[in-house]
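**Q** Assemble the whole structure, with the sequences as input and the hints as a guide.
The primary structure of each chain is shown beneath.
Number of protein chains: 2
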Amino acid sequence: MYEKYVKILKDHTLKITSPRLEILKYLDEHHTHPNVEEIYSTLKKKYPSLSRTTVYNSLEILKKNRIVQSLTISGSELRYDIDERLHHHFICTHCGAILDISISCPNMDKTIQGGHRVEEVQGYFKGVCKKCQTKEKGMNNNG
Amino acid sequence: MYEKYVKILKDHTLKITSPRLEILKYLDEHHTHPNVEEIYSTLKKKYPSLSRTTVYNSLEILKKNRIVQSLTISGSELRYDIDERLHHHFICTHCGAILDISISCPNMDKTIQGGHRVEEVQGYFKGVCKKCQTKEKGMNNNG
DNA sequence: TTCTATTTTGTAATAATTACAATTTAGTTT
DNA sequence: AAACTAAATTGTAATTATTACAAAATAGAA
Numbered sequence: 001m002y003e004k005y006v007k008i009l010k011d012h013t014l015k016i017t018s019p020r021l022e023i024l025k026y027l028d029e030h031h032t033h034p035n036v037e038e039i040y041s042t043l044k045k046k047y048p049s050l051s052r053t054t055v056y057n058s059l060e061i062l063k064k065n066r067i068v069q070s071l072t073i074s075g076s077e078l079r080y081d082i083d084e085r086l087h088h089h090f091i092c093t094h095c096g097a098i099l100d101i102s103i104s105c106p107n108m109d110k111t112i113q114g115g116h117r118v119e120e121v122q123g124y125f126k127g128v129c130k131k132c133q134t135k136e137k138g139m140n141n142n143g
Numbered sequence: 001m002y003e004k005y006v007k008i009l010k011d012h013t014l015k016i017t018s019p020r021l022e023i024l025k026y027l028d029e030h031h032t033h034p035n036v037e038e039i040y041s042t043l044k045k046k047y048p049s050l051s052r053t054t055v056y057n058s059l060e061i062l063k064k065n066r067i068v069q070s071l072t073i074s075g076s077e078l079r080y081d082i083d084e085r086l087h088h089h090f091i092c093t094h095c096g097a098i099l100d101i102s103i104s105c106p107n108m109d110k111t112i113q114g115g116h117r118v119e120e121v122q123g124y125f126k127g128v129c130k131k132c133q134t135k136e137k138g139m140n141n142n143g
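Protein sequence lines correspond, in order, to chains X and P.
Residue 1 is where the first sequence starts when you use the working numbering, and the numbers rise one by one after that.
Residue 1 is where the second sequence starts when you use the working numbering, and the numbers rise one by one after that.
No lab work stands behind these hints: they were computed from the structure.
Incorrect hints may have been included.
Subject to a maximum C-alpha distance of 20 Å in a straight line, what follows is the list of computed SDA-like cross-link-like pairs (lysine to any residue) [as the list claims (entries may be wrong)]:
1. Lys63/X / Thr93/P
2. Lys64/X / Gln133/X
3. Lys63/X / Gly75/P
**A** See below:
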């Protein structure tokens, strides 16, 4: 059940610990780009000794090893994602949902720009998602 | 001296106030993508009655009017910029500097993606800037 | 089984931002 | 020019996300 995550940690010569396995599993099963609080409060139920600081620490070490990535898209908190093939993100300013945007962009290949060494590329799109637009329409029709 | 900023505010039917004029002038003269604290502490010297909350409020209203834009690139604080023609940003993980990146990208035109209404596009590049790379080399040579 | 560096844990601190109520003021009306 | 009012400014007090730190626990090596 956790073999997949054990392997990921082993491949990066990281120690196999419960918090790390649980966090990896959570991110792998929930591609909603959760924040620390969501990860913490969900896992805390199954694993009561879990500490919030451990979630912060674990995510940090997973990030350093490029296993997960953090998104600064919301502006108030970091959101986390299993680091898959390069893709961009859309955040809905109405409901807060963060959605994957799979478009190609010539700049996504981390090309060096003006002598700067680019190690990470993030494309953020902000607006109103399809669902929330539908809700808006409904509200107008009723009013 | 402030005519330019008075005009900007008038064009958006915003009240002409000292904090707004000072903040606009500061952003226009410092394209370093400052955070609230930098804007506040600098302006506080010339304008001692200025409140930090006012800086937050003013930036918020300037942002709503699309006069300035906020960047979530740093992950710990918002950085502000006079909203010029669309461009991207690079942040140096060594020195923290945020630099403009003027590259074209087919996705920058706020095209609707999968039915979502896109109102804002931000391209963030993270890595080590040219200057810091030079410093790194110097340090290795000396060590 | 022992050992040790690493990790986890909990609490306390820090930093950015927001809430809110009182005071002031820009711009309008008289 | 004086009065008026909605909006803006101000200061303080919360709130929220994150980091610092030290003690206890533990993974993996010896």
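**Q** Decide if the proposed pair is consistent with the structure: Lys64/X and Gln133/X, CA atoms, cutoff 20 Å inclusive.
**A** Violated, because 38 Å separates the two Cα atoms, which is more than 20 Å.
**Q** Given the hinted pair Lys63/X and Gly75/P, is their alpha-carbon gap at most 20 Å?
**A** holds, 14 Å
**Q** Please work out if Lys63/X and Thr93/P have their alpha carbons no farther apart than 20 Å.
**A** holds, 14 Å
Checked against the numbered hints listed earlier, the structure breaks hint 2 alone; every other hint is satisfied.
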